[in-house]
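Engineer: Read off the chains here:
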Amino acid sequence: MELFSLLLIVPILYLFFILWKWVNDLRDQQCYILDYQCHKPSDDRMVGTEFCGEVIKRNKNLGLNEYKFLLKAIVSSGIGEQTYAPRVMFDGREECPKLEDGISEMEEFFYDSIGKVLSRAGISPQEIDVLVVNVSMLAAVPSLSSRIINHYKMRPDIKSFDLAGMGCSASLISLDIIRNVFKSYKNKFTLLVTSESLSQNWYSGNDRSMILANCLFRSGGCAILLTNNKALKHQAMFKLKCLVRTHHGAKDESYGCCIQKEDDQGRMGFHLSKSLPKAAARCFVDNLKVITPKILPVRELLHFMVVSVVKKWNLRLGSAPEGAPEGPIKAGVKFKSGVDHFCIHTGAKAVIEGIGGSLNLSEYDLEPARMTLHRYGNTSASSLWYVLAYMEAKKRLKKGNRVLMISFGAGFKCNSCVWEVVRDLGDGNVWKDEIDSFPPKSLLNPFMAKYGWIQDEDPTTFKFPDDS
Amino acid sequence: MSPDFSNSVKLKYVKLGYHYLVDHILTLTLVPVMVGIVVEIVRLGPDELLNLWNSVHFDLIQVLCSSFLVIFIATVYFMSKPRCIYLVDYACYKPPVTCRVPFATFMEHSRLILSNNPKSVEFQMRILERSGLGEETCLPPAIHYIPPKPTMEAARGEAEVVIFSAMDSLFEKTGLKPKDIDILIVNCSLFSPTPSLSAMVINKYKLRSNIKSFNLSGMGCSAGLISIDLARDLLQVHPNSNAVVVSTEIITPNYYQGKERAMLLPNCLFRMGGAAILLSNRNSERWRAKYRLVHVVRTHKGADDKAYRCVFEEEDKEGKVGINLSKDLMAIAGEALKSNITTIGPLVLPASEQLLFLLTLIGRKIFNPKWKPYIPDFKMAFEHFCIHAGGRAVIDELQKNLQLSAEHVEASRMTLHKFGNTSSSSLWYEMNYIESKGRMKKGDRIWQIAFGSGFKCNSAVWKCNRTIKTPTGGPWDDCIDRYPVHIPEVVKL
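Protein chains in written order, with the working numbering: chain A, 1 to 468; chain B, 1 to 493.
These are computed hints drawn from the structure, not numbers from a lab. Because the structure is a prediction, the values reported are computed rather than measured. Treat each hint with caution, since some may be false.
[Claimed, not checked] Among chain A residues calculated to face chain B with C-beta under 8 Å, some are:
1) Leu62
2) Ala121
3) Gly122
4) Ile123
5) Ser136
6) Val141
7) Leu163
8) Met166
9) Ile173
10) Asn180
11) Ile259
12) Lys261
13) Gln265
14) Ile435
15) Phe438
All C-beta atoms in this analysis are idealised placements derived from N, C-alpha and C, irrespective of residue type, glycine included.
Pulled out of the complex, with its shape left as it was, chain B reads as follows:
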């Protein structure tokens, strides 16, 4: 055996020992104390113990007072704890086969619409080859026309199909009655008609008149986690309530119809999708809820001009509206992630990792600034990772930064392949993938990370409440056996 290998093995055991020591330090210090007390008791002998017990007089009033005190303090303690937010279940929209856009269809459309700009067509082809998307992603019916017909009626139609299917599926899965919904939050970035999409949902399902509804808009692909944050704040204040969060992105009105290359990129990546999630703080849901919300951390880098401008909606030279994605997107995403990790790290990392991080930080500041910064190992804090399927580059970048294995990012890559970039709902497709693969066990911790325009990086941490059995009744049910597929670097078109 080479000395390197034996050294690395020894190092591994040292590391394991260190982690075990620091994580269980409280238990380890208590053990000698307990042993001491037990030895003392044994030494005293049973007779002495009996004498000790008899010498303590218990007045009736004192007994009553102390028990009352204990009960009262226990009640106050339990009442002042923040309420537990449970995710009872969620449903993802599965687009019909008729909406599929295989590469051939997309390229044919592109050639016909951009017939005067062969360079732009070639650009789109190159993007599609390297995008990581598959042949089964879907676009709404209005975009299948040549040229696309983005009327408001078509946009409303798409919204109705996506949102109502997801909601119907959610009602079926959870047995929820429309009259029981107390809070409704809908987030859709680029389409906000008046009355809002939340009013549309209230109208369709005849929800109660004292419902608290909110319609968030313009907040990008991380809006799903912003809605969860809002739902959490509301559920802390309103006891015994149900909150439904609907995350979607309506593609119809936002298909770029010009020829500017940077703006054609979103056309290649964004696809139809939506999800409806039921959150609750009712105690009765504790037994059947799938997950419990542990943390939500939001980071907004808007103060930095470069970060602010990297995803920007503007008009091109011909006055056509599209979203401009800057070239620095990856670097900015990395920076935003670092900020987010700095906040979420102390909340989720085990004590051992935090100590190491602190020591290296002190070392760098005091001793030698050249020490490499310690990147905490997030694999010790989470079992599953749901990274927003923004694009292949985003997933690659995060895999590198967080030192994740291929299995950790498999859910994200497969979602990108099967459904494309469905914006705020992609996290839920990924979650469903992990469940469908039978990997979700009780006690597992999941980290959802999403990036959005502005530039925002939001994370949510969930803890699995019960082992989830397959099939889950989600969009992956009929095809999960085919996955994972190998996605080549470049698909030749």
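The following block holds chain A by itself, in its conformation from the complex:
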């Protein structure tokens, strides 16, 4: 039966072919960043201490107590002199914005960042297969994704998605969509556009929990070009290793800590409650519980397991100190063993310091996030990309390095992901021209010097002097 044996070779070869195709398909499912471009608004939109003071004075609803509160908030915010605000602020119209203002704010960012990222990568808009846009506080008809498709004349069979309302962690949610689409389709180019619209969301009342949002959010955005075409692997900058999403909406306290609503006088604003840090910490712990096993090397995981078993043993024997902190955070897990760089959402100085303390990070690790907060403020969903660009400009990203991105959002969500650097990177992106002046010698906020006297004023006799 030699003929039969010979014939057997055919199915065996076919089997190997199927196996090879299967493995090949798995390799096609990787998500690579080809290029990204953060948005640097034009200089006429820069907001310094003087201007901030003017804007605050314009709001007739604020009294001395609010000024004191604002002073404390701004001074300790970590935000510097060169952040950017939407054009409505400069026209004095922040209390009665028009729809056009929100749209034109977005369009300014789109045509700048998307144009740059496409031309640098040499991809024409007609090659884009998937477009995901996330802007939390603006829902327009037609959607922002349709606007981009119209402006760049993209193909009719493009898959577009427009996410809204998902808060400051929305860019990782968009990344989740892209990652899933890449697993089903081959050789696709995706454009991820993330930003926040501030024009229509200025709060004009005097509820303290809502004025805080006015001080922290600034204009910014980022356009990212991704692909799963493995032929472009060598031109790519980053490869996605894993993405973990945690949603604590089930807890009423977490859901209500960061919510858009009307105040007692019916004015719309963004309410940030006092329980926000606690909700964030809880969500962060849950997220870490899932992502830590995925990113740490086995040795470190074993070490952690041994240590926690010993701790439990000690607790049972009653020899451990009372109130020993739980969870992987304080158990002394060395995150640095699995992750080289940390991209922390620049929500506020407290957020950066909180995460730094939990993960035992040094000043070197927190520098990119602090500098981004200082230079660009809290640009909401796109802040992570500014932090990444800072690290790139400082030439810290070498091949094989791993970067952990952590972000928080309304709802309450904590999303994190890990990128692996594919090749040595050194292009500055938005930080190119000024990276050498960072970190600056002093981060002291000039607000204190200029307006510090407010702390000593008496509410009954207070009158804002006209010349300040």
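Starting from the known structure of chain A, arrange chain B on it as the hints suggest.
Structural biologist: Chain B alone, transformed into the frame defined by chain A:
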């Protein structure tokens, strides 16, 4: 009998014969081969056959290897097939009677609010007369006030009522537990608070913390099918998962309060509604699922400026925000539909239709460009049609373009009459109408078409998994016997 009639009858039989021939061509060519083999075997006789069988030596190893090979290849084949997406069930929101807006109520409101603009009031009346809407459509409570009170709290209230009722109904119908939801997609075009509506759903039903939630916004009336597309992509990647898609449109914040005529049009057409759909790729759902998703095709005409501008949200001269519908809407919808059909045609049409289309295409290109383009007969590919109830003109236009009969578009017209234009959820009301009428049988194919701002045309093709019994527990249950009603061209007000 007149020669024309006999000719047309002969033609009909020729056509039928042609379709049968082309559709079953594989079977028809295989039959002679089979017959040949059978004749050969019979000719050989039983003894010769036995000799043939004995001469083939089967080594144990060879037998094991070949059977292993066959099993292995079969496993790989089955594992690499794309997963089947089942629609287990869906629930539509039925607004309470207290929210009804009969014509008289609507016109009275209009006269009081627009008292300074009698021309605009007359315009609204004319639109309402020809709209195809009935007296039982509903608007949310905040809009019943004079003037309307569109606060964010009222909008959230409407969202809660619509979405939670639909979800509660879905849980009841399917026996789904909130903890079993793995994917949640909510689409609402014009209202996207922070935290999102998906976070609101997660908060109310205490869904799991590792849920994958997405909130799509701004994508118009076709957003329901975009959400289905996203759910499909996610379910291909995550095995054994349940996905809940919630499609709705929140009217409260978007009621136009100015007097520009083109922007008053949506006020007359858009009404309250919502639907919650459960999709799954679990094998256990195969037996009780109602439908199986076959195709989703998306077409985006945004590159064309006219198409892009035909549904546009902007401020009027007084700074009031409203949606401007351009006059070219029908023509653009027709164009977008043609693009969509070009993609979906080859996927669903039987071979015979495709061949005809190809031949006429070749003929037009090579022989004579004056040949009429062949419009494939989609009635051969689908039993039921769910056309988004965008407005009477949309349904008329599609009926003409696709050469559909009155019964095919009955679901769309009746939904427009009873519920108005509920935006992305209208397709589900129409589906429920067909089910309530007892017309949905196993194996039926359904085509859902939706248009949206941008300009998009999206289609979904479903195949019915089991014959659906009435009553279905949907919004049509208590009134299905009254339908279909005759909707006159113009209702005199």
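Engineer: Could you run down the list of hints and mark each one as holding or not?
Structural biologist: Here is what the structure says about each hint:
Interface hint status for Leu62(A): violated, as the beta-carbon distance to the closest one in chain B is roughly 22 Å, over 8 Å. Hint status for Ala121(A) relative to chain B: violated, with the closest Cβ pair at about 20 Å, above 8 Å. With a cut of 8 Å, the hint placing Gly122(A) at the interface with chain B is violated, because the nearest CB-to-CB distance is about 21 Å. About 16 Å separates the beta-carbon of Ile123(A) from the nearest beta-carbon of chain B, more than 8 Å, and the hint is not met.
Interface hint at Ser136(A): satisfied, since its Cβ lies 5 Å from the closest Cβ of chain B, which is below the 8 Å cut-off. Interface hint status for Val141(A): upheld, as the beta-carbon distance to the closest one in chain B is roughly 4 Å, under 8 Å. Annotation: interface hint on Leu163(A) holds; nearest CB of chain B at approximately 6 Å, less than 8 Å. Hint status for Met166(A) relative to chain B: holds, with the closest Cβ pair at about 5 Å, below 8 Å.
The criterion of a C-beta within 8 Å of any C-beta in chain B is met by Ile173(A), whose closest approach is roughly 7 Å, and the hint holds. For Asn180(A), the interface hint holds, the least distance from its beta-carbon to any beta-carbon of chain B being 5 Å, beneath 8 Å. At about 6 Å, the closest approach between the beta carbon of Ile259(A) and any beta carbon in chain B falls short of 8 Å, and the interface hint on this residue holds. Interface hint status for Lys261(A): upheld, as the beta-carbon distance to the closest one in chain B is roughly 6 Å, under 8 Å.
Taking 8 Å as the C-beta contact cut-off toward chain B, the hint placing Gln265(A) at the interface is violated, the least distance being around 12 Å. This hint is violated: Ile435(A) has a C-beta 33 Å from the nearest C-beta of chain B, more than the 8 Å allowed. Interface hint status for Phe438(A): violated, as the beta-carbon distance to the closest one in chain B is roughly 31 Å, over 8 Å.
Violation of the numbered hints given earlier is confined to hints 1, 2, 3, 4, 13, 14, 15; the remaining hints are satisfied by the structure.
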